[in-house]
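When you get a sec, could you build the whole thing from the sequences and use the hints?
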Amino acid sequence: MRQEGSKRMADGVEPAVNAPPHGGRLIRNPRDFWGGVTLVAIAAVALWASSDLPGMRGIAFGPGTAPRLFATVLAVLGGLVAVQGCLTNGPALERYAIRGPIFVVGSIFAFAATIRPLGLVISSFVTLMIAAAATPDMRWRESAVVCAALTAFCALLFPYVLNLPMQMWPNWLRF
Amino acid sequence: MTELIANLAHGFLVSFSSINLLLCLVGALVGTLIGVLPGIGPIATIAMLLPITFGLPPVGALIMLAGIYYGAQYGGSTTAILVNIPGESSSVVTTLDGFQMARQGRAGPALAIAAIGSFFAGCVSTVLVAALGVPLTAVALKFGPAEYFSLMVLGLIFAVVLAKGSVPKAVTMVLLGLLLSMVGSDLETGAARMSFDVPELTDGIGFVNVAMGVFGFAEILRNLESPEHRDIVQQKVTGLMPTRADLIEAAPAIGRGTVLGSILGILPGGGAVIASFAAYTFEKRIAKDPSRFGRGAIEGVASPESANNAAAQTSFIPLLTLGIPPNAVMALMVGAMTIHGIVPGPQVMTKQPDLFWGMVTSMWTGNLMLLIINLPLVGVWVRLLRVPYRHLFPAILIFCCIGVYSINNAPFDVAVTGIFALFGYWLVKHDFEPAPMLLGLILGPMLEENLRRAMLIARGDPTVFIDYTNHKISLGLLVVAATLLVLAVLPTIRKRREEVFIE
Numbered sequence: 351m352r353q354e355g356s357k358r359m360a361d362g363v364e365p366a367v368n369a370p371p372h373g374g375r376l377i378r379n380p381r382d383f384w385g386g387v388t389l390v391a392i393a394a395v396a397l398w399a400s401s402d403l404p405g406m407r408g409i410a411f412g413p414g415t416a417p418r419l420f421a422t423v424l425a426v427l428g429g430l431v432a433v434q435g436c437l438t439n440g441p442a443l444e445r446y447a448i449r450g451p452i453f454v455v456g457s458i459f460a461f462a463a464t465i466r467p468l469g470l471v472i473s474s475f476v477t478l479m480i481a482a483a484a485t486p487d488m489r490w491r492e493s494a495v496v497c498a499a500l501t502a503f504c505a506l507l508f509p510y511v512l513n514l515p516m517q518m519w520p521n522w523l524r525f
Numbered sequence: 077m078t079e080l081i082a083n084l085a086h087g088f089l090v091s092f093s094s095i096n097l098l099l100c101l102v103g104a105l106v107g108t109l110i111g112v113l114p115g116i117g118p119i120a121t122i123a124m125l126l127p128i129t130f131g132l133p134p135v136g137a138l139i140m141l142a143g144i145y146y147g148a149q150y151g152g153s154t155t156a157i158l159v160n161i162p163g164e165s166s167s168v169v170t171t172l173d174g175f176q177m178a179r180q181g182r183a184g185p186a187l188a189i190a191a192i193g194s195f196f197a198g199c200v201s202t203v204l205v206a207a208l209g210v211p212l213t214a215v216a217l218k219f220g221p222a223e224y225f226s227l228m229v230l231g232l233i234f235a236v237v238l239a240k241g242s243v244p245k246a247v248t249m250v251l252l253g254l255l256l257s258m259v260g261s262d263l264e265t266g267a268a269r270m271s272f273d274v275p276e277l278t279d280g281i282g283f284v285n286v287a288m289g290v291f292g293f294a295e296i297l298r299n300l301e302s303p304e305h306r307d308i309v310q311q312k313v314t315g316l317m318p319t320r321a322d323l324i325e326a327a328p329a330i331g332r333g334t335v336l337g338s339i340l341g342i343l344p345g346g347g348a349v350i351a352s353f354a355a356y357t358f359e360k361r362i363a364k365d366p367s368r369f370g371r372g373a374i375e376g377v378a379s380p381e382s383a384n385n386a387a388a389q390t391s392f393i394p395l396l397t398l399g400i401p402p403n404a405v406m407a408l409m410v411g412a413m414t415i416h417g418i419v420p421g422p423q424v425m426t427k428q429p430d431l432f433w434g435m436v437t438s439m440w441t442g443n444l445m446l447l448i449i450n451l452p453l454v455g456v457w458v459r460l461l462r463v464p465y466r467h468l469f470p471a472i473l474i475f476c477c478i479g480v481y482s483i484n485n486a487p488f489d490v491a492v493t494g495i496f497a498l499f500g501y502w503l504v505k506h507d508f509e510p511a512p513m514l515l516g517l518i519l520g521p522m523l524e525e526n527l528r529r530a531m532l533i534a535r536g537d538p539t540v541f542i543d544y545t546n547h548k549i550s551l552g553l554l555v556v557a558a559t560l561l562v563l564a565v566l567p568t569i570r571k572r573r574e575e576v577f578i579e
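Residue numbers (the numbering used here), protein chains in the order written: chain A, 351 to 525; chain B, 77 to 579.
Bear in mind the hints are in silico, worked out from the structure with no lab data behind them.
There's no promise every hint is true.
[To be verified] Derived, one-sided and incomplete: chain B residues facing chain A with beta-carbon distance under 10 Å:
hint: 1; residue: Gly266
hint: 2; residue: Ser271
hint: 3; residue: Phe293
hint: 4; residue: Tyr465
hint: 5; residue: Ser482
hint: 6; residue: Ala486
[What the hints assert, rightly or not] Covered by chain B, per the in silico footprint, the following chain A stretches (three or more residues, Cβ under 8 Å):
hint: 7; stretch: 384–390
hint: 8; stretch: 422–433
hint: 9; stretch: 461–475
hint: 10; stretch: 481–490
hint: 11; stretch: 502–513
Positions of the beta carbon are idealized from the N, C-alpha and C atoms, including for glycine.
Listed below in structure tokens is the structure:
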């Protein structure tokens, strides 16, 4: 975070030096530009999704009034941010990592998908293993041991120590 | 004055009961344990540990959560001093001088002064919370929907002004949060709004899910990007006690940090992060020799640490008296209170004095416990910090997943969290600050409800909010909000503001 701050300071003080010359380029601050454009898109989705809701009924707000009101303002301001992205210089888009997000988010979804049918023990272990694969320096055997230990810890902590009702094993494994 | 003492005495009776003392201790301990882990701030810590308080009585649960909060905060400072990685954003500035002190073999005094400063700030702000509680509640009871609406607008504007980065971007984040809060059933008519015919979405998007995704998981994604580099102080931490000279140097800084933190904590949108930044900047500015800062100046640890603890506590004031969470951590507290069937607001103090005063006084006991437990446990934290991140993050991840799942036993909630993890990652890549979004999300329903009610009472006349004769308070609040916003976009102030965040 500190590094982030100092980097930004550098950007603020000497953007012309850091950034390549922007002679004819339209998008001078791609982070702001694409950020703004995305927000406009989100606002548009919200406007569309709330278009079937009744609006003002006389003096009273309908369920659709506030969403449409805020979505409209969001669209306007998102547009403003995008326009600013064309008028001011800024840092280039940061690269997105692929491996980390895929495995981390994949493991979260895996947990969501397996916790009900497979129970806490199997689900935790699967989730942990997928998550562990998110770093390139993962070692399979070491991770398997760590994940097994963590699974055991979770299986004791949540249902027994914290008393949260949770299914431990899949139904077909119950005796 | 006598009333204040009587109230505090009543509170201490509650918080000194053995069960509550134990819960406070466990909360502070577990909070520190999680808070020490790099990259996990109080928001993620509280969200992760929220489920463990479900089975407790409301008073105990909230006392424990408050303990978790202070623990997480203090854990973050420990990490900052020992590893040069802020455990959370409010201890960013602590890394500057704290880690330098540790390098010079003075990790012990740095940790001790952080604890002592926090404790002092905790004592002062506990009294402040107790003293301001009664009068502010009286004011809150006079508030109508128009005043509440304006107050929330002011809070959101504060969040915008105090967020780092550009003002328009922060405003878009608030609006996005407000929009997200409207997903689900309409409060008055029950109509499903923006739920795309997904039955799970008609309940709305849970605050904890968003917080966990945007603050907890997105942070993991960020950390995985940069190769691991931890610079743990190698030598054994010895000689915990600061010298007399240290204490004399640090004492005024602790006092200044406490005052600054207490004020900034009460302001909506403020809280611990901004308090520690401001305190550090202030110390540096008034110092006779500013060049000492960044090289292990003890004031650079004492002041921000006192400030963030003071702010952490005084930020309970708007929550407990007005029912309005001033920042994301307090928003989580609202979530916890609702789970236990308590509606935060002015009625809490009169209807549930045990809860109110018990919680206020538990702030003091919590801080005392931190002072006692943390210093002897430094060795444990150091060992914990040696665990490589590749083993740490799967553990964090699974605790978060199980935590989120156990709130409603809903796998859908976990999936939502995953989506918000990606969204949070995207936000960071585009320099959007997620904190104002969270505040918008939590204030959204209250804001809309009061807006609708105020408009209805005024027979559809939108000038009700700036009506001088009947709604002076509302007008005043909106004027302050507008002034703040204008000031924030003015070029000169903007520069100063950027300076503060860069420090």
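**Item:** Coverage of the stretch 502–513 of chain A by chain B, judged on three or more residues with CB within 8 Å
**Value:** holds (count 4)
**Item:** Coverage claim, chain B over the stretch 481–490 of chain A, checked by counting residues with Cβ within 8 Å (three needed)
**Value:** Our answer is that it holds, as 6 residues pass the Cβ test (under 8 Å) against chain B, meeting three.
**Interface hint outcome for Ser482(B) [beta carbon to chain A under 10 Å]** = Hint holds; Ser482(B) Cβ to chain A Cβ min 5 Å, cut 10 Å.
**Interface hint for Phe293(B), Cβ within 10 Å of any Cβ on chain A** = holds (7 Å)
**Item:** Minimum beta-carbon distance criterion (10 Å), Gly266(B) to chain A
**Value:** holds (9 Å)
**Message:** Using the nearest Cβ pair, does Tyr465(B) come within less than 10 Å of chain A?
**Reply:** holds (8 Å)
**Prompt:** Are there three or more residues in the stretch 461–475 of chain A whose C-beta lies within less than 8 Å of some C-beta in chain B?
**Reply:** Three-residue rule met by the stretch 461–475 of chain A, so holds; n is 7.
**Request:** Count residues of the stretch 384–390 of chain A with a Cβ under 8 Å from any Cβ of chain B, then say if the count reaches three.
**Result:** holds (count 5)
**Prompt:** Okay, the stretch 422–433 of chain A and chain B, do three or more residues pass the C-beta test at under 8 Å?
**Reply:** Per the Cβ count (6), the hint holds.
**Asked** Can we keep the Ser271(B) interface hint, with Cβ of chain A closer than 10 Å?
**Response** Since the shortest Cβ distance to chain A is 8 Å, the answer is holds.
**Request:** Would you check whether Ala486(B) satisfies its interface hint, that is, whether its CB is within less than 10 Å of any CB in chain A?
**Result:** At about 9 Å, which falls below the 10 Å cut-off, the nearest Cβ of chain A leaves the hint on Ala486(B) intact, so it holds.
Taken one by one, the earlier hints all hold for this structure without exception.
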